[in-house]
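Trainee: In case you want the letters, here they are:
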Amino acid sequence: MDWATQVINIVQASTVLLLSPLIAGISYRFKAWTESRSGPSIFQPYFDLAKYLRKETLLPDGSSRIFFVAPFLAFGAYLLISVVVPVITPYPIPFASTVDFLGGGLLFGLAGTVTLLAALDSGSNYATLGASRTVSFAAFAEPTLIIVFFAVAVITGTNNPYVTNNLLSSSTSAYLSPTHLLVTAAFFLLLLAETGKLPVESAGTMEFGMLEDGRIFEHSGRLLGVNRWNGWLKQFLLYSVFVNVFALPWGMSSDPTAAGTLFNIGLLIAKLLVLVGVIMFVEATVAKVRLFKIRDFLALSFSLAVLAVFAFAVLGVP
Amino acid sequence: MIAIAPSFWLFLLLIAPSAAAILSLVPNARVSEGVARAGALIAFAAAIAVLVTNASGAWGPYLGLDSLSDVFLFMVTGIYVTSIWYSRVYFRALSRPFLTAQVYYALLSAFAFAMIFVLVVTDLGLMWIGVEATTVTSALLIILERKPESVESAWRYTLIASAGLTIALFALLVLYTATGTLNIYQLAANPPAVTLPIEMAVALALVGYGTKVGLFPMHSWLPDAHSEAPSPVSAMFSGVLLPAALYAFLRVYRVLPTPAPAVVSDLVIAFGAATALVAAFLIQHQRSFKRLFAYSSMEVMGLAVIGIGVGGVALYGALILLVAHAFAKSAAFYCAGNVLRTTGTNRIDEIRDLRTTLPWTSGAWVVSSAAVTGAPPFGTFLGEFLIVVGAVAVGLVWVAGVVVVAVLVAFLGVNSQVGRMVFGEARAGTTLAPREPDSGWGIPYLNAAVALAIGVAAIPYLSDALRSAAVFLGGALP
Amino acid sequence: MDATAEVIALVGIGILLTALYLQSESFVDPLIRAIALQSLLLGVLLGWLAWTQRSVDLAILAALAVGVRAAFIPLFVLRRQIRAFRWRVRELHAAHRVTGHALAAVALAIVSWFVFQETLASVFPQPGAALPFILLMQGLLMLATRSNTIVQVIGYLEEENAVVYAGALFSQGFPLFVEVVVFLDVLGVVLVGVILSIQRDVTGSPEEAVLEELTG
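Chains as they are written, first to last, in the working numbering: chain A, 513 to 830; chain B, 2 to 479; chain C, 10 to 225.
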C-alpha cells in the first residue's frame, strides 16, 4: 500500500473535522451582522466545544446504552462520509471508492437515525417531540434526497460524485441544463431544511421552532459537545457537496502535491463563504413558515427534484 | 327553366345571415326585426333549394357541400327562422333587456351565420373557427335578461366551451402534423393509415367538441346556459348548436375508415352511454322546467353519439334523431318561453293547471315533450329505434340496453313533470284566468309537425338526403 | 446540442415551472403575475424562433403572446378586476392545499407525459415535444379544480399558451394558425373583459356567490 497517497485521506478528514466549527462560527457572525449586532467571535464554536468537553455529563434516569453511544456512532458516520465525498479534491481519494452517492445518503440517514433513537431513549417530552417532528418532516425530505441522487445519476450516467463534478466543471451545457438547474434548486431547499435554516427552523432555544436541537435536548457535557460537533459536521459536509457537486464545481486543482491541496482547501473555504453569504441573505429576507407549512416547503423541494428527472425524460438531454 | 348553380345557394346561405347581422343594427327596431326575418327566410329558402337539388361538390379550397351538410343546413336554418320569428313575441315581454332589439337580432343572425359557416366549410381548421365563433356570438345572448344567474351561466359557458375547444384545436394540430392537410376532401381521397396518433387525435377531438356537445363529464355549462338563455336562444342552443358541434366531430371521425378501430368506437360509445344515462337520471331531480329540457337535450346527444359509435343502421338512426329532435326541442323551448313569461317563474312546483291558463300552448307543450322523448310516431322514436336495432345487429346488446333504459327514464321524467304542470290541480285561489298570448303558440305546433313528418318519412327530399348522408358516412340503411 | 435546442429546453422547463406554480398558489394577484411571466417566456421562445427562422408568422405570435397575454389581459384587465383588494383576493371555496395541489400537478405532468409518449410521440419526435401537451393538461386541471373566476381565466390563458406553444413549435404550416390565435385572443380580451365587468356590475363583486338556481 502506498502510504503517501493515503495521507490525503487524513488531510481531508482533518480538514472537515477542524474547519466545520469555523464555518458555523462564520455563519453566526454573518447572521449577527444582518441583525445589526457585532456577534460572537468566529472562533466561538471552538470555545464552546472545549467547554462542553470539560463539563460533567449527566445521563437521564432509565436511559440505556443507546443514549450514550449514539453521538459517537453519528460522529463515526460523519467521519466516514468526510472521506468519501468530494471536499478538497476533484479526483477520488483512496477511500472514496467505498460507497457512491447513494451510500453517502444512507450514511447521513444512519447518523440521523441513531440521534433519533437516543432522543427517544431519553424519555424526555421535549426530545421526543423533536424526534417526532423531525421524522414527520423527514418523510418528505428523504425521498427528495433519493430523487436528487437519481437526477444527478441521469446527468452523468453514474452515481459517482467525482464524475459529476468533472462533467459539470468541464461542460457549460451540462451545467446550464434544466435537469441540473432544477436539481440544484431542489438540493438548495433541502439544504436549508436539513441544516435548520430559515424559513424552516429558527435556531436557538425557542422550543416552538426547534427540530434538530430538540433531539439533543437531554444530552449534556461531553455528549452534547459531540452532538453539536455532529451538527456542524453535517452542515459542513452538505455545504461541501452542494458547492463541489452542484453549484460551484469549478477551479479545483488536480495537483496531488501539498501545494495543490492547500490551494484546494483555500478554494473550498472561499466557496463556502459564498454559500454562507447566500444562505444568510435567504435567512435575512424570509420569515419562518408555520410548522405545518414546512411540509409545503419540502413538497416544493420534492417537486423540483422530480421535475429534474422528468425534464431529462421529456427533453431527452441532461 | 333557368339552371341555378349550387354555388349560388351556397353563397346565399352565407351572405343572407351575415348581411342580416350587419343591417340589423339600424336605429329602428321594427326595421331591424324585418331585416333579421328576411335574412333568415332567405337562408332557409336557400337551404331548401340545396336540399331539393341535392347539391354537392367543392367550390374553391374552403367551401363545399355534400349530403351531410345539406341535412344539417336544413335543420339549422329551419330552427333559425322559427327562432327569429318567435323572438318578437318573447322580446316584447321583457321589461329591461340587457341588449337592445337591434343588437339582439344582429347577434342572433351572427350566431346562425357561424353555425352555417361550420356546415359549409371543408377545412377542419376553418370549421374549428366556426365552432368557436358560435361561442363568441351566443355568449352575450344568454345575458339578455340581466340576472346574476345569467351572467354566471354565460361565464361558465364561455369558459368551459373555449377550454374544450382548445383541446379540439390540439387534436387538429396532431391531425395536421400526421397527415399534412386538414381539407376534408383531401383526407377522404387519401385516407391516412390508422395509427395511434390519428386515433389519439380523434379521441382528443371527441373530448374537445364533446364539451360543446354537452357530453358527460364536460357538460356542466349546458344546463346553466340553456336554462338562463332567452327561450328562442335556448331553442337554437338545444336544437342546432349541439348538433353543429357534433357535426364538427363527425368530420374528424370520418378520417378513420368505416368500421372505425374498436378502441375509438368503444370510446365514443362509452362517452355517449355515460352522457345518456347521467342525463336521464338527472332529469328526475330538476326543479326548473328549462333545465329539464336542457338535460333532455343532453340525453338525446348521448344517444346520437352512441349511434355514431355503433355505426351501420344506428348511424342512420342518429341522423334522424338529431333532425327530429331539433324541431321537437325547439318547439318545447318556445312553449317554455310562453309559460315563463306568462307565469313569471321557471319552477315546476309553482306551476299547475296550465291547460286553463294557456290552453293552446299547453297542448303544444304536451305534444312536443312527447316528441323530444321519443314517443312513437315522431322522428325521434324512429331514430332511437334504429339505434337500438343497429346496436343489437352488431352484437352490442348492452349498448341497446343502455339506450332503452335512458329513453324510458327520460320519457317518464320529462312527461310526468310536464303532465303535472299542465294537468295538475291548482291550489285553491291560485288559478289564473286564461290569458293565451295573441301569438307565439303556432310555431311550436309547426315544429312539432315537422318532427312528426320526419317520423313517418313524409318530407320527400329530406328523407332522401338523410339516407344518402347515412350512406356517405359509412352507415347502413334498414 | 445546438443553441435553439437549448433555448427550447430551458424556456420550456421555465414554462412548466410556472404551470406548477400556478397550481399551487391560491392568492389571485401572484397568479396573475405568474401567468404574465409564463406568456412572457413563451413570447421569448417564439421571438427566438422567429429570429432564427426569419418567420413573420412567428414574430406575430410572439408579439401577441407578449402584448396580449403577458401584458394586456393579466396586467391590465385582470388586475383591474381586483384593484380594491389586491392583497386579499384568493380561492374561497376549495380548500386549497399547497402540498396536495403541487403533488397532483407533478403526478399529472408525469401521467400526461406517459400518455404522450405512448400515443403521440411518433408524430412529434422532437425533444421537449411533450411540454405543450403537459401544459394543456395542467390548464385543464386548473380549470377543473378552481372556482374563482379570475383564476379560471388564468387557466384559459394557460390552455391558449399550450396550443400556441404546440402549433408554433411542432406543427408549422398549420393553415391559418396566426388567424386562429388572433381569434382566441379576441375571445379572451372581449369576452373575458366584457363578461367580467358585466359580472361586477350585476353582482357587485368579483368574489363569486353561490347561485341556488344553477344547482342540480
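Treat the hints as calculated values from the structure; they're not laboratory data. Since the model is a prediction, treat every value here as computed from it, not as a measurement. There could be a bad hint or two in this list.
Here are the simulated DMTMM-like cross-link-like pairs (lysine to aspartate or glutamate), alpha carbons at most 25 Å apart as the crow flies [to be verified]:
| id | chain 1 | residue 1 | chain 2 | residue 2 |
| --- | --- | --- | --- | --- |
| 1 | A | K805 | C | D38 |
| 2 | A | K805 | A | E795 |
| 3 | A | K805 | C | E15 |
| 4 | A | K543 | A | E795 |
| 5 | B | K148 | B | E351 |
| 6 | A | K805 | A | E654 |
| 7 | B | K148 | C | D66 |
| 8 | A | K800 | A | E654 |
| 9 | A | K800 | C | D66 |
| 10 | A | K800 | A | E547 |
| 11 | A | K543 | A | D560 |
| 12 | A | K800 | C | E100 |
| 13 | B | K148 | B | E426 |
Trainee: Decide, hint by hint, whether the structure agrees.
Mentor: Here's how the hints hold up against the structure:
1. A:K805 x C:D38: With a Cα-Cα distance of about 21 Å, the restraint between A:K805 and C:D38 holds, given a limit of 25 Å.
2. A:K805 x A:E795: holds, 17 Å
3. A:K805 x C:E15: violated, 35 Å
4. A:K543 x A:E795: The hint holds at about 8 Å.
5. B:K148 x B:E351: holds, 20 Å
6. A:K805 x A:E654: Given pair A:K805, A:E654 holds - Cα atoms ~17 Å apart, limit 25 Å.
7. B:K148 x C:D66: violated, 42 Å
8. A:K800 x A:E654: holds, 21 Å
9. A:K800 x C:D66: The hint is violated at about 48 Å.
10. A:K800 x A:E547: Answer holds: A:K800 to A:E547 is near 15 Å, not above 25 Å.
11. A:K543 x A:D560: At roughly 18 Å apart (the allowed maximum being 25 Å), A:D560 and A:K543 satisfy the hint.
12. A:K800 x C:E100: Holds, because 23 Å separates the two Cα atoms, which is no more than 25 Å.
13. B:K148 x B:E426: violated, 31 Å
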